[in-house]
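There are 2 protein chains.
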Amino acid sequence: MSGLSFRDTPRPADAELVRKLAQESGGFSSRDIEIAVELVQERLARGLAASGYHFLFAEEGSDPRGYACYGPIPLTAASWDLYWIAVPKNVQGNGVGRRLMAEVERQAKAFGAKHVYIDTSGRADYARSQAFYKAAGYRLAANLPDFYAPGDAKLIFAKGL
Amino acid sequence: MSGLSFRDTPRPADAELVRKLAQESGGFSSRDIEIAVELVQERLARGLAASGYHFLFAEEGSDPRGYACYGPIPLTAASWDLYWIAVPKNVQGNGVGRRLMAEVERQAKAFGAKHVYIDTSGRADYARSQAFYKAAGYRLAANLPDFYAPGDAKLIFAKGL
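Protein chains in written order, with our numbering: chain A, 11 to 171; chain B, 11 to 171.
If you are wondering where the hints come from, they were derived from the structure by calculation, not from laboratory data.
Wrong hints could be hidden among the right ones.
You can't tell identical chains apart in this list, so a pair holds if it fits in one copy or across any two.
As the list claims (entries may be wrong) - Derived DMTMM-like pairs (lysine to aspartate or glutamate); straight-line CA-CA distance at most 25 Å:
{"#": "1", "residue 1": "169", "residue 2": "129"}
{"#": "2", "residue 1": "144", "residue 2": "156"}
{"#": "3", "residue 1": "99", "residue 2": "156"}
{"#": "4", "residue 1": "124", "residue 2": "26"}
{"#": "5", "residue 1": "124", "residue 2": "156"}
{"#": "6", "residue 1": "30", "residue 2": "42"}
{"#": "7", "residue 1": "30", "residue 2": "115"}
{"#": "8", "residue 1": "119", "residue 2": "162"}
{"#": "9", "residue 1": "144", "residue 2": "48"}
{"#": "10", "residue 1": "124", "residue 2": "135"}
{"#": "11", "residue 1": "119", "residue 2": "44"}
{"#": "12", "residue 1": "119", "residue 2": "156"}
{"#": "13", "residue 1": "30", "residue 2": "156"}
{"#": "14", "residue 1": "99", "residue 2": "48"}
{"#": "15", "residue 1": "169", "residue 2": "70"}
{"#": "16", "residue 1": "30", "residue 2": "69"}
{"#": "17", "residue 1": "169", "residue 2": "156"}
{"#": "18", "residue 1": "124", "residue 2": "162"}
{"#": "19", "residue 1": "124", "residue 2": "73"}
{"#": "20", "residue 1": "169", "residue 2": "115"}
{"#": "21", "residue 1": "169", "residue 2": "44"}
{"#": "22", "residue 1": "144", "residue 2": "42"}
{"#": "23", "residue 1": "99", "residue 2": "162"}
Here the structure is a predicted model, which is why all the values come from computation and not from measurement.
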């Protein structure tokens, strides 16, 4: 993955690319994936300022390797949400997610972000995501039991930049 | 306040009523108040199902005494947010807020809510709101330091119904 590059301007074809990357990452429900696609569509339709959705696509040459979607949290001075970060299963383990996360943080910081938050599920099948966020320096800032459904807590991870 | 009644269907005049009640409650910034008004407008324009915004107006005869705005949290089975609860300063201390909160919980529960969440500021000038939520049976479920701004934490209060 030495030739990894990052692209921050979504193109119309990225709606389907996001669907593919999210599906192949194995971490999202079909409803989650529809929302991920809607965020790209909203960004394409309304632009960066009005939508508030920043994107970052990781590519190796012309091959997509993952993507992230993030943006400022309304009514906060410098708090940002990382909405999505997805790397296909067959790419995982090569440091792509880590480099994508670092680039998200670098760009968010350049836009003024001082805190990044990530909401995720406390379910056991999200253990890999939880471990990834911790390894990236995020602390578990909140745990809301049964938030999503019985037995399915909402975890909020946080990191200062 | 023995003659308190509750109305759950917003009318066009309620946009200005919400502005007045929020201003007179003393707990919200001017930006907060604009958002409170926008939520009524969105509810009036799009209806209950599409907007997701439930309203409850407390009235004594024809005199407004306070209001609340709440609704289901997308992608959750039974978690609801209480977005706003406002009682004018000259009405506070008479149990209106407590009765309005109880009616919100009763109606939300009838719609299937099992958990209610309230986001508020950790700032000292929100101490009255924080005490009100605790007295109503809410526990402090999360504290995110510096979330809104330096020194301005986000507190999440939660209650099971």
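Structure-based check of all given hints:
Taking identical chains as interchangeable, the C-alpha atoms of residue 169 and residue 129 lie at most 25 Å apart whether they share a chain (12 Å) or sit on different chains (20 Å). Within a single copy, residue 144 and residue 156 get their C-alpha atoms as close as 22 Å, and across copies as close as 20 Å, so both meet the 25 Å cut-off. In this assembly of identical chains, the alpha carbons of residue 99 and residue 156 never lie at most 25 Å apart, being 28 Å within a copy and 35 Å across copies at closest. Within a single copy, residue 124 and residue 26 get their C-alpha atoms no closer than 32 Å, and across copies no closer than 36 Å, so neither meets the 25 Å cut-off.
For the identical chains of this complex, residue 124 and residue 156 are inter-copy neighbours only, at 9 Å across copies versus 29 Å inside a copy, given an alpha-carbon limit of 25 Å. In this assembly of identical chains, residue 30 and residue 42 lie within 25 Å of each other by CA distance solely inside one copy; the values are 13 Å within and 39 Å between copies. Proximity of residue 30 and residue 115 under a CA criterion of 25 Å is satisfied intra-copy only: 24 Å inside one chain copy versus 41 Å between copies. Taking the closest pair of Cα atoms, residue 119 and residue 162 come within 25 Å of each other only across two copies (20 Å); inside a single copy the shortest separation is 31 Å, beyond that limit.
In this homomeric assembly, residue 144 and residue 48 never come within 25 Å of each other (Cα to Cα): the closest approach is 28 Å inside a single copy and 38 Å across copies. Taking the shortest Cα distances, residue 124 and residue 135 sit within 25 Å of each other only across copies (24 Å), while inside one copy they are farther apart (30 Å). When the C-alpha separation of residue 119 and residue 44 is checked against a cutoff of 25 Å, the pair qualifies neither within a copy, at 28 Å, nor between copies, at 29 Å. In this assembly of identical chains, residue 119 and residue 156 lie within 25 Å of each other by CA distance solely across copies; the values are 16 Å between and 33 Å within a copy.
Taking the shortest alpha-carbon separations for residue 30 and residue 156, neither the intra-copy value of 30 Å nor the inter-copy value of 36 Å comes in at or below 25 Å. Within a single copy, residue 99 and residue 48 get their C-alpha atoms as close as 22 Å, which meets the 25 Å cut-off; across copies the closest is 42 Å, which misses it. Taking the closest pair of Cα atoms, residue 169 and residue 70 never come within 25 Å of each other, the shortest separation being 28 Å inside a single copy and 48 Å across copies. Only within a single protomer do residue 30 and residue 69 lie at most 25 Å apart by alpha-carbon distance; the minimum there is 14 Å, versus 52 Å between protomers.
Proximity of residue 169 and residue 156 under a CA criterion of 25 Å is satisfied in both settings, with 24 Å inside one chain copy and 12 Å between copies. Taking CA atoms no more than 25 Å apart as the test, residue 124 paired with residue 162 passes between copies only; the shortest distance there is 13 Å, against 29 Å inside one copy. Taking CA atoms no more than 25 Å apart as the test, residue 124 paired with residue 73 passes in neither setting, with 32 Å inside one copy and 45 Å between copies. For the homomeric pair residue 169 and residue 115, the shortest alpha-carbon distance inside one copy (10 Å) is at most 25 Å, but the shortest distance between copies (34 Å) is not.
When the C-alpha separation of residue 169 and residue 44 is checked against a cutoff of 25 Å, the pair qualifies neither within a copy, at 27 Å, nor between copies, at 30 Å. For a Cα distance limit of 25 Å, the shortest separation of residue 144 from residue 42 inside one copy, 22 Å, qualifies, whereas the shortest one across copies, 34 Å, does not. Taking the shortest Cα distances, residue 99 and residue 162 sit within 25 Å of each other inside one copy (23 Å), while across copies they are farther apart (39 Å).
The earlier numbered hints that this structure contradicts are 3, 4, 9, 11, 13, 15, 19, 21.
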